[in-house]
Each structure stands twice: as C-alpha cells, then as structure tokens.
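A.B. asks: Chains F and C, in that order, give the protein sequences. All letters in the first sequence, in the order written, are residues 1 to 104 by the numbering used here. All letters in the second sequence, in the order written, are residues 1001 to 1195 by the numbering used here.
Rather than coming from a laboratory, the hints here were simulated on the basis of the structure. None of these values were measured; they are calculated from a predicted model. There could be a bad hint or two in this list.
[As the list claims (entries may be wrong)] Counterexamples of contact, computed for chain F against chain C with all Cβ distances above 12 Å:
1. 64
2. 65
3. 93
4. 103
[Unchecked claim] Covered by chain F, according to a simulated footprint, are these stretches of chain C (three or more residues, beta-carbon under 8 Å):
5. 1007-1021
6. 1097-1104
7. 1115-1121
Using N, Cα and C, we set each Cβ at its ideal position, and we do this for glycine too.
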Amino acid sequence: MTIWLVIAGMAAVTYAERASFLLLPPGLDTPSWMRRALRYVPAAVLTAIWAPELLLQNQVLHLSLGNERLLAGAVAIGVAWRWRVTSLTIAAGLLALHLFDWMT
Amino acid sequence: MVASGIPPLAAMLMSLIVFAGASMVASAQLLAQDTPALLVIVATLFINMRFMMYSASLRLHFAALPFRWRMLIAYLQADNVYGMTLARFADHPDDPHKLEYFLGAGVPIWVAWQLAVLVGIVIGAGVPPSWHLEFAAPLAFIAMTVPFLRERAMVAAALAAGATVVAGSALPLRLNLVLAAAAGITAGLLFEKKA
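Kindly produce the complete structure, drawing on both the sequences and the hints.
C.D. replies: Pasting the structure below:
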C-alpha cells in the first residue's frame, strides 16, 4: 500500500518542481539578475552530474594516472572540444576507458 | 529497482509518472531500508531540485506558449533533454522552431527511457559489467557540457560546480548537486564582472 502513496508523492513533488517557473503567467518578466544567473545553470549542473563519475572512486577523490575514468574522461573532453559530436565523444571515451583498463 | 524489492508494476508506474532516474534509484534504496514514506518523498524533492532551475531557464524560451504546451514541456524535462535543448538555443537564440526542437529531443528520449526501464524490469541486468557501458552516461553529459565552455565565466562556473559536487559528495539527499549549482552560478557571475 505504502509504495503507491510514495509513488504518488514523488510524482507530485517532481512535477511541481518541473512546472514551477514554466507555468507562471506569461506576462511575468524574468528579472535581469535572474536571467544572468540562469545562463550558468547548464554548464554548472551538467558538470556536477558527470564530475563525480570521473573524480571519485568509492566516494573518495581519486586524482592519479591510475584513475582510468579520469583519463578516459579527459580524452572525451578533448574529442568533444575538437569535434562537438556526441556519438564520437561517447565512442572515444569508451574506447579510451577500455584501452587504459587493458594497459593497467 | 525491482532487485531492491519494488513490485514490477509499481516500478513501471513510477517510471511513467515520476520520470526521474536518480530519484527512482534513490527511492528504491531508501524503501529497501524501510525509510518512512514521507522521508522518501522529501528526498525526491531535494534530488530533483535542479528541475526548478531547468524550469526557470526553459521559461525564457517558452513563456509565450499556451498553458497545455508548457505543461507537456514541464513533464518531458530531463537532464539530457535540457542539455541538448539549451546547447542548441545558445547557438541559435532566435530559432523560430524551439518547441519542435524540444519535442524532437524530449519525445524520443522519453520513449527510449520507458522502453529501457521496461526491458530492465523484464530481463534485469543483461549487459556484462566489463563492457563499461554505464560510463556512456557521463560521457554523453560531457559532450553536452563542452559546447557551453566558450567563455571564461562559463569555464569558471563548470569548474566551481565540479569542485563543489566532489567536495560535498558525502552529503545526504544529493545536496551536493544543489550546492554545486549555486557555486557554479556564483563563480560564473563573479568572472563575468571582472572580464
């Protein structure tokens, strides 16, 4: 029984967050300071999503040449920088991970 | 999720109406530990806090659309849809077909996501871990992030967010993600002023 309540509650809070600003009346202007701040949301949040996958191992910072994910991520960043093609970035990163994995 | 004790039907329903992966995995873990229902819902609220920021930034592009369309846009929001859409809008700020672009990203991603969840529920973990396919997710997010890093302030925002999320990784409820967003925005604004 509880599980259905939990699902309903999760759905409600998640949709409320997604809808929050989008469903405000169209006439409301976004203040200019907020516009400036919002420009940085994609770069900040997207980085916060992938950075731990590269930098942490079992919740601990792992900065060394023995960290294959960090190295493969660096390769992917380079490929993304140069070509800006998502599929190429993913392929290069996976290939690099397997290569570094095999080397160590 | 099913592996941690959620009935298959409930898992599928959760995927359809919550549609937010991180909070679904977290709730499965919390429920397996007999966490009270209210706490699971509060955890979801924090984990999905970033959607409020997505909502505010999508509003800049879609505020003029009819209410129904905005309701749909709100539902289809996801990290990758947001990343792709905003990257496109940064390059083409006056694109007359922003809604079409958003739906073109959001609808296929929604379908693929639901199918993947269904397959996961039915067959369970089928891909050997040695393929490292789980690493494709961060790589895809790297591909979405890099095009934004064209100016100093954006790089500062990304570096600050990355450092904060890692420094705060021990915090509960994925609070480090919210803090990272705040740190990133602050760093971006600071470097913008000096430039």
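A.B. asks: A separate judgement is required for each hint: does it hold in the structure or not?
C.D. replies: Each hint tested on the structure:
| no. | hint | in the structure |
| --- | --- | --- |
| 1 | 64 | 15 Å, holds |
| 2 | 65 | 18 Å, holds |
| 3 | 93 | 4 Å, violated |
| 4 | 103 | 14 Å, holds |
| 5 | 1007-1021 | holds (count 8) |
| 6 | 1097-1104 | violated (count 0) |
| 7 | 1115-1121 | violated (count 0) |
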